[in-house]
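Trainee: So you can see what is in the structure, the chains are spelled out below.
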Amino acid sequence: MRRSPALLGGAVILALLAVVAVASFAGLLPYDPIAQHPPSRFAAPSGAHLFGTDQFGRDVFSRVASGVGNSALIALVAVAFATAAGTLGGLVSGFYRGVADGAIGGVTNVLFAFPPLLLALSLASVLDRNWFTIAVAIAIVYVPIFVRVTRGPVLSLREIEYVRAAVSTGMSRWQIMFRHVLPNITSIIVIQIALSLSWAVLTEASLSFLGLGTPPPAPSLGSMIYEARSLVFVAPWTLIAPGAVVVLLVVGLNLLGDGLRDTLDPRNRGRR
Amino acid sequence: MPRGAYSAVGIAAALSLALTACSSSSSPSGSAATGDGGGDAGKTIVVGVTSDPDTLFPWKATQFQAVNVLQNLYGTLTEFDKDLNVVPGLAESWQTSDDGKKLTLKLRQGVTFADGSTFGSEDVKWSLDKIMDEKTAAVARASLSSVKSVKAPDANTVVLELNGPDAALPANLATVNMAMLSSDDTEDKLNATPNGTGPFTLKNRVPSQSITLARNDAYWGDKAKAAAVEFRVIPDESSIVSAMQSGNVQLSVFDDPLVAQTAEAGGTITVAKTPQLSYHVLQLNATHGDLKDVNVRLAIQCAIDRKQVLDTAALGEGEVTGPITAPAFKSDPNNRPCPTRDLAKAADYLAKAGKASGVTVKTIVSQGEYATSVNEAQNLKAQLAEAKINLDLEVLESGAYVDRWVAADFDAAVALNGGRPDPDGSYGRYFTSDGNLNKVAGYSSPELDKLFAEGKATTDQAARKGIYDQVSTLLEQNAPWIWLFSGYTYTATTAGVQGFVPMASGSLQFLRTTSVS
Amino acid sequence: MRLRNRILTTVGTLFGVAVLVFVMLRAIPGDQITAGLGTEAAALTPAQRQALEQYYGLDQSLFTQFFSWLGNMLTGNFGYSARQQQSVLDLTLHSLPVTIELAVLSIVLALLIGVPLGMLAASRTNSARDALGQVVSLAGLSVPAFLLATTLLSVFAASFGFNPNGQGFATLADDPLLNLRQMLLPALVLGFGIAAPILRTTRTAVLEVRSEDFVRTARAKGVPERRLQVRHVLGNALVPIVTMTGLQFGYLLGGAVVVEQIFSVPGIGRQVLLGIQQKEYAVVQSTVLVIALAFVLVNLLTDALYRVIDPRVRAS
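Chains as they are written, first to last, in the numbering used here: chain Y, 363 to 634; chain H, 16 to 532; chain V, 33 to 348.
Excised from the complex, chain Y in its bound form:
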């Protein structure tokens, strides 16, 4: 395998954040991210509080660490759902055409045509709002994207000689789909996963902007940014810390995605 600097960079960033996130889940943070200590509110960054404290005297570093965990969890679960459902849908839709295409296309179109905000608002209001339902809401928004992005190339691939050849050898359609078609769209799916992971992190942040994100007091990067938005003049660190970490997380995810693509895509291998 080729070594890719992007892959390495992304892996390092994510490993770093992962350590922090795992520490947060294991309860190894310097402070409880939820416990309030009003006497020491709005403390500037120092040795005691690496990223300072917020208006409740909570340690921003511990909250950011725990927020990375929560945000990553939401993003991973959401994208896993979306990838599985969307890719399968796109494959079947593009490969089988006909009725399946019509049905999947129909459902996709309906979901697509829905403003994501309405979808999220409805889900947030109808369901009990917690990290899982938010992940599901985000997943539902992204399923149609995966369908659409895979369907186009599958349509093209379907007409390519070796696929036609495979059909003539009497292989089952599912075998062809997974053995010959899927590997050829891997790069597209991987790019999409990388994009979607970062989008999912940002979508969670945007949902928080509209008051529909992870419910407090559990910290998420999105809700932290939103809450700190109006504190920017009073305690800039409350905004800068989660903001910088979101960007870092997203950058790491993108680098990893690029690296994976460079390394895994069979057509890139050894060609460049």
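Simulated from the structure, these hints should not be mistaken for laboratory data.
Small disclaimer: the values here were computed from a predicted structure and weren't measured.
Even for Gly, the Cβ is constructed at its ideal location relative to N, Cα and C.
Mixed in with the good hints there might be a few duds.
[Unchecked claim] Non-contacting residues of chain V with respect to chain Y, defined by C-beta distances greater than 12 angstroms in every case (computed):
1. H126
2. V140
3. Q261
[Unchecked claim] Over 10 angstroms on every C-beta distance to chain H, these chain V residues come out as not near it, computed from the model:
4. L40
5. F201
6. K311
7. L325
[As the list claims (entries may be wrong)] Distance condition first, Cα-Cα at most 20 angstroms in a straight line; then the derived EDC-like pairs of lysine to aspartate or glutamate:
8. K345(H) to E334(H)
9. K145(H) to D63(V)
10. K322(H) to E202(H)
11. K218(H) to D130(H)
12. K145(H) to D199(H)
13. K454(H) to D475(H)
14. K307(H) to D363(H)
15. K150(H) to D91(V)
16. K288(H) to D96(H)
17. K117(H) to E176(H)
18. K58(H) to E245(H)
19. K166(H) to D114(H)
20. K150(H) to D63(V)
21. K403(H) to D394(Y)
22. K150(H) to E85(V)
Assemble the complex: chain Y is given as a structure, and chains H and V must be docked to it using the hints.
Mentor: This is chains H and V only, laid out in the frame that chain Y set:
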């Protein structure tokens, strides 16, 4: 000019929406500020608002933005001055009969509606009858519950026959929800074309973008100074600040201390603080589970440091408060079983209730309705956890919150309720057994019923103050709710804006005395 | 035959959207009464409540509500917004062009940034050019739109006094110059975000096409490099780029809400948001259906473009 002995009595905000940020307000006051009658100069003042009115029909308007626009378009029988005293409006004077069962109002003459038609006693009778008719679904209907019938003996006189004395009635008539309409109008007509007797008339409306009012040169009082007022919709409060910094907007009212601080930080915007009648409260539902026991409720009271809630959630911008916020009837915030936080006492109360191991309270919180709600909830949860009281927070989108609140489907609710200048208006509807919000308040008692009835029938100011002090004490001793603090509103103006007077009710009625250079 | 299928699918999709939006709106707690009166709704007497339900048409069965709305839609009656005192059709005729204009400007900006940078990045992988593309796309992907939008707005307004969005909104017809200035920042924010996926798609597609045999053949035949890049490489890389552009354009129609909100742009996203907040069912239902129709049209257009630009699909 008879102002009644109860000059400070009033309902600024009749029906101010408990949730939406602030209380709403009354209508124009005739003589509170000196004006030169307008003159022909005067420019357009641009007011930044986050939303345009959700209705232009005054009897159904509870939204802050709607009330602010409508009170500049419509007139009421009585009005408030800047200190919330009741002063004459469309009624030049009024007289209560000796037995208190009859209120006679003398109407101002020569008043016209925006469409040029003349205002008279027929319009008053028609308006009040309509408001009392359940089919109209007017929100101020309950304020007229003491009115038996309305008569119009001549063109300039109106007589209200009452069931009994009602000290709060003249103030009740001052809200824009009691606006006087022309008897030729209908709700649908007015929604399209407002037709009032106020200092401004509607000039132009672009839905969800702007609504522009023009000076009413036929207005009976001092003419407005500005030629026009444009309410410009800028949905995001930070964007309003930006619009003020760039000089596109001249005036705006904020309720979020952080936004106000941001606005002030630039140096070009002047921000004035006004204490508000509305109050932040943890409503307990004394008809639910463990909260039925007064000891559990008192444990919650004792476990909360109100100052800490204020400091953490609202940056200390406000004052710790007891139940009554109206200046003339203000409760002493320290007159309660636990004036300061006392965890030992909280534990005692819990033990007395047989809940020494702790209780869980399901609490609803609205997100997005007002700035500090979620922060208050977080701090309350953290504080109460130290007393083994677990606040189980349900953060809800505002529609879901209102649904649950209206159905009284909660153990506790973090709320911002609109206060009024008169304690009967503020709490009569909550804490009397036949009050129309008693189901939501979750508490009443024969003693309270008796006190509220007395307060309504008493006209002597000092005597009323004594009665409502007792109400306040009873409320704190039984802790149906935990009163936390009352905040400020912030009136932001750019250089050159003059003559605006902010009010504790959050009202923009003094736009008429405002000019911009 | 084919056309008939297309039309059937479209009608089916729109019907699905209609059902879904109708059901979802009713599943959200609250109705027009509580949305209008807030907690004050608790003070209504039963008779008052009944009068209001009748006024808003909430006393009819869900079945009747659905089909009378749908039937009215078919005759061009989109419903009426009591709040805004206008028919939903009129509202939409004002807000849709605004959003379309914003979407087009954003896409144009995104393509202007994304495609050239993507090609540049692909022209020599792992070079400085590639790194530039990486940085731009990473930035576009990593900065939340609402953060970028509020920051830009406050910086420009506070430091330079530049804030055309603080003035009343002007349509393109009213005052083209002011309109374009008001569109500048929102289109930049949206375009910057969309440029990233377009850049990446371009880069990947170009790399994949370049490694295909016909490009090598063409190069071997001595086709000039410039012509090769544009005609052969970009031409064949267009399918994924068009897909991505279509996707993003479709999304902008309903997804620019946050930016519309911050910059006070009276687009169709805000119309939906206001409708939801106010629980004006007719406004939300009809507007969502209009957005859905626009989506379907964009998709049809994208599909049609495949046929024009992709030789493989064309061949079938």
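Trainee: The structure should be examined with respect to each hint, and the outcome stated for every one.
Mentor: Hint by hint, here is what the structure shows:
A cut-off of 12 angstroms between C-beta atoms confirms that H126(V) is not in contact with chain Y; the least separation is 18 angstroms. The claim that V140(V) lies off the interface holds: its Cβ sits roughly 21 angstroms from the closest Cβ of chain Y, which is beyond the 12 angstroms cut-off. Every CB of chain Y lies more than 12 angstroms from the CB of Q261(V), the least distance being 17 angstroms, so the non-interface label holds. With a least beta-carbon separation of about 36 angstroms from chain H, L40(V) lies farther than 10 angstroms from that chain, consistent with its non-interface assignment.
Residue placement check: F201(V) does not keep its beta carbon more than 10 angstroms from all beta carbons of chain H (closest about 6 angstroms). The Cβ of K311(V) does not lie farther than 10 angstroms from every Cβ of chain H; its closest approach is about 7 angstroms, which violates its non-interface assignment. A cut-off of 10 angstroms between C-beta atoms confirms that L325(V) is not in contact with chain H; the least separation is 22 angstroms. A hinted pair counts as satisfied when its Cα atoms are at most 20 angstroms apart, and K345(H) with E334(H) qualifies at roughly 12 angstroms.
Between K145(H) and D63(V), the direct Cα distance comes to roughly 25 angstroms. Violation of the 20 angstroms bound is thereby established for this hinted pair. For the hint linking K322(H) to E202(H), the alpha-carbon distance of about 46 angstroms lies beyond 20 angstroms, and the restraint is violated. Proximity of K218(H) to D130(H) is assessed by CA-CA distance (about 13 angstroms); at most 20 angstroms being required, the pair is judged to hold. For a cut-off of 20 angstroms, the pair hint linking K145(H) to D199(H) stands: about 12 angstroms separates their Cα positions.
Only pairs whose Cα atoms come within 20 angstroms are accepted, and K454(H) paired with D475(H) is rejected, the gap being roughly 31 angstroms. A threshold of 20 angstroms between alpha carbons decides the hint, and for K307(H) with D363(H) the separation of about 17 angstroms falls inside it, so the pair holds. Proximity of K150(H) to D91(V) is assessed by CA-CA distance (about 15 angstroms); at most 20 angstroms being required, the pair is judged to hold. For the proposed pair K288(H) and D96(H), the alpha carbon gap of about 18 angstroms is at most 20 angstroms, so the pair holds.
Taken as a hint, the K117(H) and E176(H) pair is honoured in the structure, with Cα atoms around 5 angstroms apart against an allowance of 20 angstroms. Proximity of K58(H) to E245(H) is assessed by CA-CA distance (about 11 angstroms); at most 20 angstroms being required, the pair is judged to hold. Only pairs whose Cα atoms come within 20 angstroms are accepted, and K166(H) paired with D114(H) is accepted, the gap being roughly 18 angstroms. Distance hint between K150(H) and D63(V) is fulfilled; the C-alpha atoms sit about 19 angstroms from each other, no more than 20 angstroms.
Distance hint between K403(H) and D394(Y) is fulfilled; the C-alpha atoms sit about 18 angstroms from each other, no more than 20 angstroms. Taking the CA atoms of K150(H) and E85(V), the gap is about 11 angstroms. The hint holds against a cut of 20 angstroms.
Checked against the numbered hints listed earlier, the structure breaks hints 5, 6, 9, 10 and 13; every other hint is satisfied.
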